[in-house]
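Position chain B against the provided structure of chain A, taking the given hints into account.
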Amino acid sequence: MVLMAIDWFPLWLSLRVAALSTAIALVLGGWVAYLLANREFRGKEILDAAVTLPLVLPPTVLGYYLLVLLGRSSPLGQLHEKLTGSPLVFTWQAAVVAALLHSAPLLVKSARAALESVDHVYENAARSLGAGEWRVFWRITLPLAQRSILAATALAFARALGDFGVTIMVAGNIPGRTQTIAVAIYDAVESGNGAVARAMVVVISAVALAILWLANALAPKPVSR
Amino acid sequence: MIEARIRKSFPGAFTLDVHFRASAGVTVLFGPSGSGKTLTLDAIAGFIRPDQGRILLDDKILFDAEAGVNLPPRARKCGYVFQSYALFPNMSLRENLTFATQSIPHLERHRKVNEMLERFQLTEVAGRRPHELSGGQKQRGSIARALIGAPRLLLLDEPATGLDAPLRNELYEIINQVREQYKTPVVLVTHDLEECFAVGDQMLIFRDGCIVQAGTPPEILDRPEGVEVARTLGVFNLLPAEVLFLDPGNNRSRLRCLDHEIEGPYLPGHLLGDRVSICVRPEELSARPRDGTPGPNQVPLELKSVSERPHAVRLQFSGPVSVDTPPAFYEECRHNRNWVVTFPRESLRVLKT
Chain A
1 MVLMAIDWFP LWLSLRVAAL STAIALVLGG WVAYLLANRE FRGKEILDAA VTLPLVLPPT
61 VLGYYLLVLL GRSSPLGQLH EKLTGSPLVF TWQAAVVAAL LHSAPLLVKS ARAALESVDH
121 VYENAARSLG AGEWRVFWRI TLPLAQRSIL AATALAFARA LGDFGVTIMV AGNIPGRTQT
181 IAVAIYDAVE SGNGAVARAM VVVISAVALA ILWLANALAP KPVSR
Chain B
1 MIEARIRKSF PGAFTLDVHF RASAGVTVLF GPSGSGKTLT LDAIAGFIRP DQGRILLDDK
61 ILFDAEAGVN LPPRARKCGY VFQSYALFPN MSLRENLTFA TQSIPHLERH RKVNEMLERF
121 QLTEVAGRRP HELSGGQKQR GSIARALIGA PRLLLLDEPA TGLDAPLRNE LYEIINQVRE
181 QYKTPVVLVT HDLEECFAVG DQMLIFRDGC IVQAGTPPEI LDRPEGVEVA RTLGVFNLLP
241 AEVLFLDPGN NRSRLRCLDH EIEGPYLPGH LLGDRVSICV RPEELSARPR DGTPGPNQVP
301 LELKSVSERP HAVRLQFSGP VSVDTPPAFY EECRHNRNWV VTFPRESLRV LKT
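Chains A and B, in that order, are what the protein sequence lines are.
For the first sequence, our numbering gives the first residue as 1, with consecutive numbering after it.
For the second sequence, our numbering gives the first residue as 1, with consecutive numbering after it.
Hints are computed from structural coordinates only; laboratory data are not their basis.
Because the structure is a prediction, the values reported are computed rather than measured.
Beta carbons are placed, not taken as given, at the ideal position from N, Cα and C, and that holds for glycine.
Take the hints with a grain of salt, since some may be wrong.
Said to hold, decoys possible - Listing some non-contacts, in silico: residues in chain B with all C-beta distances to chain A over 12 Å:
id	residue
1	R76
2	M91
3	D222
Stated by the list, open to error - Quick list of the computed label-pair ranges, beta carbon to beta carbon:
id	chain 1	residue 1	chain 2	residue 2	range
4	A	P143	B	E194	34 to 42 Å
5	B	E180	A	P143	20 to 28 Å
6	A	V121	B	P11	18 to 26 Å
This is chain A alone, in the form it adopts within the complex (with noise of 0.2 Å):
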C-alpha cells in the first residue's frame, strides 16, 4: 500500500504549526481587530493596511522581509539565539511564524468585520446597566460574534495549513524538521515522486474541505429577535 509506505511527517508537522500559528493569531489578531472595531485613533486606517498587507504581497517577499527580521544577524534572531541556544531560522518555529504572517490578515479582516456587525444598541443596553468596557466584552459583544469569530479561525487555519511560499523561505525544506505538507508535496514533485504526491494533495485536498464545511457551518444563520 503506498498510503502506508509514506512518511506522514509533513502532515502532522503542518496540522501542528497551523494550530499553533491560529492561537497566535486569534489572541493578537483578535486583540487588533477589536482595536480596530471599537476604538478611534490616529493611524487606525493605517494599522488596518498594514495588516492587510500580507495579504496581497507576494510570499516571497513575506519571506525575505522575515528573513531580514528573523535571521540569525537580526537583532530579534540574535536574541532567540541567545535564550535557546539555536537559530530561530530554518527551524519548525520559523514556519509557525510564516503561518502566522500568512493567515492572521485573514482573521484580522474577519474578526473586525463580525465585531463590528454586533449590534451597538446591545453593547449600549450593557453599559446604560452599569456594566465597563471588559464586561460588554466578554458578556455581549464577543458570545454575539463568536460563531462568526469561530469560522473566520477555520479559514485562517486552513490557510496556514497551505502555506507554501513563506514557509520556504524562512523554515526551508529539511525533512523530518521543517517540511510542511506543502513543501513536501512540492518537493516530491520535483523528485519524481508522483505517487507520495497524488497521496498527499488528496489527504490535504480533504482536510481543507473539511475545514471549509465547518467554517460554513459555523458562519451565523439570520436570527430572528
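Frame of chain A; chain B shown alone:
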C-alpha cells in the same frame, strides 16, 4: 431632577440645541422623526458626547463640556429602554435581569430578580430567550431590566411603537406605576399625541433640533405658541387670515379668512393688516347644512369628503377645513353638499405666521 443643556452639531447641517429641566414625573419629548428627541436621550445616557453644555442629574454632574466632565454610561445610573427593547439575545430573560444587578450585593441579587419578575408578571417565562417572548413580555422585561438597578432616571425611546392598543394601555399603566411606586423621573420619546396625554406630566415640543415649546399637554394643546408648534401637534386647522379691525376697549377684533369676516377677541401684539393664522381644532368648530344667509362667524363651505373617527365623523370641507360632528347629526344631514361652519368667537386662537 434632571437639567440638560446640550449642543451638538452634525456635519450635514443638523444641530441639536436644547435646554430643559425636568423634575419628578413623566416628561414627554414630542416631535417629528429626525427632530433630535432620541439624540437628546442618547446624550443624557452618555452614548453620544455633546460639543457643548452640561447635564445634571440630581446633584451629580453627568457631563460638563467646560469642566471636561463626561461620565461613562455605566456610571450615570440612567435606565434606558430601547425602541427595539435590546434584550440580550444570548441570554434568558432571567439572565438579562441578573446582568443588571451588578450594583446590588451578591446575596440579594437572586431575590431582587425574582421580585422584579413577579412584579412584571414574567416569572413563568423567565427561562425563555428574548425571541421566544411575546411583544408585551419583551416590553415588560426591558422595563424591569432597566429598573432593577434602581436608576435615578428612566429613559424610554418610543416604547409604544409597534404595539397594538391593549399593549399600549398596559405600557401606560406600567409607566404610571413607575411614577407612583418608584418615584423615578421618566423621560419618554414619542411622536404620538395621545401618548403624551396618557402619561405626560410635562411635554417638550421638538422641532429641527430645538425645543419650541414646553408645558403640560393640555396647556400646549390649548395654547400652541406658534404655527410651527401647531403644525407639529398635527391636530389643528391652520387657516391664513388678515387682521382687519382691532378694538381693545370692547375686547374685539375682526379677521378676514376664507373670504369671510370672522370676529374674535382683541389680539394683543397684532397690528391692522397683519398676516396671521387662525388655529382651531376640528372639534372646536361646528357645522350644519346651509339655509339662508350665513350669520356672524359663519363661513359657507362645500363638503368634500367624510371619514369616520372613534367618537365623531370628520367632515372635510373646501378651504381646507376639518370639522368633527356627532355621528347621529351627520346621519340626518348627509345628503347636503353646502354647509356653514361656525367659528367660536371667544376662544378663537390666532398665531403669527
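Contradicted hints - numbers only: 1, 2 and 5
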